[in-house]
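Q: Chains as they are written, first to last, in my numbering: chain A, 1 to 453; chain B, 1 to 453.
These are computed hints drawn from the structure, not numbers from a lab.
Among the hints, erroneous ones may be present.
One copy or two, it doesn't matter: identical chains are merged, so the pair holds either way.
Subject to a maximum C-alpha distance of 30 Å in a straight line, what follows is the list of computed DSS-like cross-link-like pairs (lysine-lysine) [said to hold, decoys possible]:
1. 240 <-> 92
2. 240 <-> 344
3. 92 <-> 349
4. 404 <-> 257
5. 288 <-> 349
6. 404 <-> 349
7. 288 <-> 344
8. 404 <-> 92
9. 257 <-> 344
10. 288 <-> 305
11. 349 <-> 240
12. 349 <-> 305
13. 427 <-> 305
14. 305 <-> 240
There are 2 protein chains.
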Amino acid sequence: MIEHKSFDPYSSALFTDLYELTMLQAYDAEGMTAPAVFELFFRRLPPHRNYVMVAGLEQVLSYLEHLQFTDDELAWLHQRQQFSEAFLRTLKDFRFTGDVYAMPEGTVVFENEPVLQVVAPLPEAQLIETYVLNQIHLQSVAATKAARMVTAAAGRDIVDFGSRRSHGTDAALKVARASYLAGAIGTSNVAAARLYNIPALGTMAHSYIQAHADERTAFLAFTQEFPETTLLVDTYNTLKGVQEVIDLARRLGHAFKVRAIRLDSGDLLELANASRQLLDAAGLQEVKIFASSGLDEHTIAALLKAGAPIDGFGVGTNLAVSADAPEIDFSYKLVAYDGQPRMKLSSSKGILPGRKQVFRRVSSGQMCGDVIAQFDESLEGEALLQPVMRHGTRLAAGYVPLDKVREYAGTQREALPPELQRLEDVKVPYHIAFSAALQATTAQLQHDLERAT
Amino acid sequence: MIEHKSFDPYSSALFTDLYELTMLQAYDAEGMTAPAVFELFFRRLPPHRNYVMVAGLEQVLSYLEHLQFTDDELAWLHQRQQFSEAFLRTLKDFRFTGDVYAMPEGTVVFENEPVLQVVAPLPEAQLIETYVLNQIHLQSVAATKAARMVTAAAGRDIVDFGSRRSHGTDAALKVARASYLAGAIGTSNVAAARLYNIPALGTMAHSYIQAHADERTAFLAFTQEFPETTLLVDTYNTLKGVQEVIDLARRLGHAFKVRAIRLDSGDLLELANASRQLLDAAGLQEVKIFASSGLDEHTIAALLKAGAPIDGFGVGTNLAVSADAPEIDFSYKLVAYDGQPRMKLSSSKGILPGRKQVFRRVSSGQMCGDVIAQFDESLEGEALLQPVMRHGTRLAAGYVPLDKVREYAGTQREALPPELQRLEDVKVPYHIAFSAALQATTAQLQHDLERAT
Numbered sequence: 001m002i003e004h005k006s007f008d009p010y011s012s013a014l015f016t017d018l019y020e021l022t023m024l025q026a027y028d029a030e031g032m033t034a035p036a037v038f039e040l041f042f043r044r045l046p047p048h049r050n051y052v053m054v055a056g057l058e059q060v061l062s063y064l065e066h067l068q069f070t071d072d073e074l075a076w077l078h079q080r081q082q083f084s085e086a087f088l089r090t091l092k093d094f095r096f097t098g099d100v101y102a103m104p105e106g107t108v109v110f111e112n113e114p115v116l117q118v119v120a121p122l123p124e125a126q127l128i129e130t131y132v133l134n135q136i137h138l139q140s141v142a143a144t145k146a147a148r149m150v151t152a153a154a155g156r157d158i159v160d161f162g163s164r165r166s167h168g169t170d171a172a173l174k175v176a177r178a179s180y181l182a183g184a185i186g187t188s189n190v191a192a193a194r195l196y197n198i199p200a201l202g203t204m205a206h207s208y209i210q211a212h213a214d215e216r217t218a219f220l221a222f223t224q225e226f227p228e229t230t231l232l233v234d235t236y237n238t239l240k241g242v243q244e245v246i247d248l249a250r251r252l253g254h255a256f257k258v259r260a261i262r263l264d265s266g267d268l269l270e271l272a273n274a275s276r277q278l279l280d281a282a283g284l285q286e287v288k289i290f291a292s293s294g295l296d297e298h299t300i301a302a303l304l305k306a307g308a309p310i311d312g313f314g315v316g317t318n319l320a321v322s323a324d325a326p327e328i329d330f331s332y333k334l335v336a337y338d339g340q341p342r343m344k345l346s347s348s349k350g351i352l353p354g355r356k357q358v359f360r361r362v363s364s365g366q367m368c369g370d371v372i373a374q375f376d377e378s379l380e381g382e383a384l385l386q387p388v389m390r391h392g393t394r395l396a397a398g399y400v401p402l403d404k405v406r407e408y409a410g411t412q413r414e415a416l417p418p419e420l421q422r423l424e425d426v427k428v429p430y431h432i433a434f435s436a437a438l439q440a441t442t443a444q445l446q447h448d449l450e451r452a453t
Numbered sequence: 001m002i003e004h005k006s007f008d009p010y011s012s013a014l015f016t017d018l019y020e021l022t023m024l025q026a027y028d029a030e031g032m033t034a035p036a037v038f039e040l041f042f043r044r045l046p047p048h049r050n051y052v053m054v055a056g057l058e059q060v061l062s063y064l065e066h067l068q069f070t071d072d073e074l075a076w077l078h079q080r081q082q083f084s085e086a087f088l089r090t091l092k093d094f095r096f097t098g099d100v101y102a103m104p105e106g107t108v109v110f111e112n113e114p115v116l117q118v119v120a121p122l123p124e125a126q127l128i129e130t131y132v133l134n135q136i137h138l139q140s141v142a143a144t145k146a147a148r149m150v151t152a153a154a155g156r157d158i159v160d161f162g163s164r165r166s167h168g169t170d171a172a173l174k175v176a177r178a179s180y181l182a183g184a185i186g187t188s189n190v191a192a193a194r195l196y197n198i199p200a201l202g203t204m205a206h207s208y209i210q211a212h213a214d215e216r217t218a219f220l221a222f223t224q225e226f227p228e229t230t231l232l233v234d235t236y237n238t239l240k241g242v243q244e245v246i247d248l249a250r251r252l253g254h255a256f257k258v259r260a261i262r263l264d265s266g267d268l269l270e271l272a273n274a275s276r277q278l279l280d281a282a283g284l285q286e287v288k289i290f291a292s293s294g295l296d297e298h299t300i301a302a303l304l305k306a307g308a309p310i311d312g313f314g315v316g317t318n319l320a321v322s323a324d325a326p327e328i329d330f331s332y333k334l335v336a337y338d339g340q341p342r343m344k345l346s347s348s349k350g351i352l353p354g355r356k357q358v359f360r361r362v363s364s365g366q367m368c369g370d371v372i373a374q375f376d377e378s379l380e381g382e383a384l385l386q387p388v389m390r391h392g393t394r395l396a397a398g399y400v401p402l403d404k405v406r407e408y409a410g411t412q413r414e415a416l417p418p419e420l421q422r423l424e425d426v427k428v429p430y431h432i433a434f435s436a437a438l439q440a441t442t443a444q445l446q447h448d449l450e451r452a453t
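Next up, chain A with everything else stripped away, as it sits in the complex:
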C-alpha cells in the first residue's frame, strides 16, 4: 500500500479546508507569523442537552505531534497550479510548534466556554482548524449522548452496538471510544477494541439462527463453541426461544453455562418480564437478560422505571448518530493575534475577544457555577484549561490513559447539579458568568470596531 504511506487521507495534513491553505499562502506573503490564539467553543447547547461532555483531545494531540506534508502531498499541491512555489517550499518544513491548553477529556462544559485553546504562530494555528473541530465535535457528540444513556441505565450495562450505522469507519471507532469514556462497558467493534484497548462484546446475530435448520440446533451448536455466551431468542418467537434455552439447560445440566439471553424486537418490557418468569421458574435465575432494538436513553429509562428485569442494553443507531442531536455548533475562532484581542461582530455569531480561562466553583463535590474570564485573571474555583502541549510536544498532562479519563468522566457526571443530570430539558440552566474584566474588554473592543467600520 504505497499510496497509504505517502498520503493517508485520515491523518494527512491535507485533511483541511482549502481556505486554510489559501490563507496560509497569504499569511506567508505578508509575513504574518506572530502568535495567534484560537479557541474552540460552542455558542448554544444542542437541543435536548443540559451539558456537553467534551472528548477527542487525545486524537487532536496525536495529530499535532505528527503533522507534516509528505513530498507526495506537496507534489500534488504543486500540480494544482493554485499555490506559489515559494509558499509550497515553506510547507516542506511545516510542523506544529505551538502550545495547547485544554479541558481534560470527560469534562462537562457549557455555552461559550473554551474547551481547547491553541497558542501558535498564526499559520500553524490556522491550518489545524478542520481536523481539530472534526475530532472534538464527533467525540463530544458521542460522549454526551452516551453519558445520558449511562445515566438512564442507572447502573446496568450499556454496550456500543453502533458501528453499522455510525457515519463511516472513523465515527465507528471514535463512538466506541467516546461511549466507553462516558461509562459504557464496551463495544461490538473489534478494531476499536484493539485500537483503544477496551472490551469487545457480542455473540450472535439472527443470521446464525436462520442458517440452521431450527433454533434448537443453532443454540446447541453455538454453546458448544462458546459455553458462556448470550443466546439471541427472538428470531421466530421470543418466548419459544426462551423455552429452547431452558430445554438446553435441562439437557446440558452442569455443562450449561449460558450467561444471558438477548431480546431484540417486540415489547421489551412485556418480553423481559415473561422471559424472567420462565427462566426463574426453571431455576435459571443466574441467566441475565440483555436487550437491544432501537433503544435510546428515554426508552431505557422508561423500561427501568416500569421495572423491566433487564441487566444490560445494547445501543446502536441512536448512540451511533446521536439521533436527537447529531451536531454541536462548535467553532474554532481567532481571539488574539500578536498580543492584541480580536473579535468579530457578525450578527448572532460574535466572538468574546482575548485569551480566556474558565473558573469552576465546586462545593461538596457539586458544581456551583462557572466564570469565563480573561486568561491572566485569578478567580475563585478551578481553572479548567490546563497546558497539555508546549512547543509542539505533549506534556505529561496530555497523556491520560482512557481508563483514567473514564473515571474522571464519571465524577464529572456526578458533580453535575441533579437537575442537569436528568434526561428532560432543564428549566434553570447552569450558571455561567463573564468576569468584569472580560466584559470591559469586550465592550471596549466592540466600541473601537464599530467606530472603525
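For this one, chain A is given, so just place chain B on it according to the hints.
A: Chain B only, in chain A's frame:
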C-alpha cells in the same frame, strides 16, 4: 508508522462486530460453508425523505478485494484467548471469494428493495456485514441529503463545507464524495479532493480578516495573492464589507478580478438583495454572491423563491450530519442458505425470504413503479441489481468513474415522479409491488416456520 501497515483500523478485517467472528468460529466448527445470500435493504424511508439515493458501492468493492487478516491482527486475536487455534488458522487464508450484485451508485431506491446482494460461502458473507452496512449507510444518507439540496438550488451551485462537523474523518471524506456524486460541484476538503479527484473550493475565513488591522488591508493583501477570489464580507458589518470590495475595485481598476463575495451571517435575503444593488450600482455585475450559514434545502429553496440574487451555496452542518434524518434503517440480512430461502419472524422486523431482484418500469424517462421479485423471475422493466463482482474479482460494471456516477445520479433524480422530487413529504408514495411468486414463497415459508416453532 509500522502500526499502520500491520493494522489499519479503517480498512482492517477487524473492522467488524465481535459477533461476526464468534459466528465464524461456530460455522467453521460445524462445517457450514455452503453458499449464503445476504441482502442489504431498509424497511422504512427515513423521516422527510421521499426516496433514498444509494451510494458507497465503490468503497465496499475495494474493501472486499483487499480483505484479509494480517499476522499482527491474528496474533492480537490469539492473545484474547477467546477463539480456538483451529479457527484462527482458518483466518490466515480468509479472502472474499463471492459474488456481489448491486444497484449502481446514484440509483434512487425505496422500502424493502435490496440495493446490494452478496452470494458467498456463509462465513465470508457474514464477516463483511459491519463494513458493508457502515459504508453504504453513510454515503446513502449523505447522497440523499445532498440530492435534496441540489434540487432546492435549482441550478445554482452547491458546495460541501461540512468537514468540520461531519462525524469523523471518514465521514468528511465520504460526505464530500457522496455530495459530489449527488450533484454538488465540489468540496472544501483538500484530502477528499485529492482522494476522489473532485474540485476543492474555498478562499478565506473570518480569522484572516480579524488577524489584519482592518477589512480593507485584509482584502487588498488577499487579492494580491489570489486575484480571482471570493471575499468574505460579514466579519464586522456586511454592507460596509461590500463597500470595501467596491472601493477595492475602484482602486485596482483592471487588476480587480474578484469573482464573488460571501455572506455568512444575518438575513441572507435582505443582505443579498442589498449587496447585489450596491455591486450593480458600482458596475460590478460580474461579481457573484455566494452564501453560507446554517443552510439546508428548505432555507435554500425559500431564499430562491423569494428571489434572493444568490449564485451559490456553501452547506456545512446540515449536509455533514444530515441533521433531519441522520440515519436510514439499513439492514444486511440472510435470505437464503445452501439453496433454501430463509426468513425471520421477529415482530416488525421480518425479512422477505429468498434471493430477489427489483424490476423498475420507466416510461418517457420517468419511473412508473417497481416490483420486488424472486431473483430468477423475468418481469417487465429494468432489473436493477446487476453483477459487479464475481469470485471476489470486480467486473467491469464494478468500476464506474465518479463523474459517470454523478451523471447517472442526475438522470435518476430527474426520472423521479415530480411529487417525489419535492422537498415536502409526498402524499402518495412511489408504487412498490411484490411479485406473486415472492408472495407465495413468503406465505409458505412463514407457515412452515410458525408450525415448526
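Q: Look at each hint and say if it fits the structure.
A: So, going through the hints one by one against the coordinates:
{"no.": "1", "hint": "240 <-> 92", "result": "neither (67 Å within a copy, 39 Å between copies)"}
{"no.": "2", "hint": "240 <-> 344", "result": "between (65 Å within a copy, 14 Å between copies)"}
{"no.": "3", "hint": "92 <-> 349", "result": "neither (35 Å within a copy, 55 Å between copies)"}
{"no.": "4", "hint": "404 <-> 257", "result": "neither (33 Å within a copy, 55 Å between copies)"}
{"no.": "5", "hint": "288 <-> 349", "result": "between (51 Å within a copy, 23 Å between copies)"}
{"no.": "6", "hint": "404 <-> 349", "result": "neither (36 Å within a copy, 40 Å between copies)"}
{"no.": "7", "hint": "288 <-> 344", "result": "between (57 Å within a copy, 24 Å between copies)"}
{"no.": "8", "hint": "404 <-> 92", "result": "neither (37 Å within a copy, 36 Å between copies)"}
{"no.": "9", "hint": "257 <-> 344", "result": "between (64 Å within a copy, 26 Å between copies)"}
{"no.": "10", "hint": "288 <-> 305", "result": "within (18 Å within a copy, 58 Å between copies)"}
{"no.": "11", "hint": "349 <-> 240", "result": "between (58 Å within a copy, 17 Å between copies)"}
{"no.": "12", "hint": "349 <-> 305", "result": "between (41 Å within a copy, 26 Å between copies)"}
{"no.": "13", "hint": "427 <-> 305", "result": "within (22 Å within a copy, 38 Å between copies)"}
{"no.": "14", "hint": "305 <-> 240", "result": "within (26 Å within a copy, 58 Å between copies)"}
The structure is inconsistent with the numbered hints 1, 3, 4, 6 and 8, although it conforms to all the rest.
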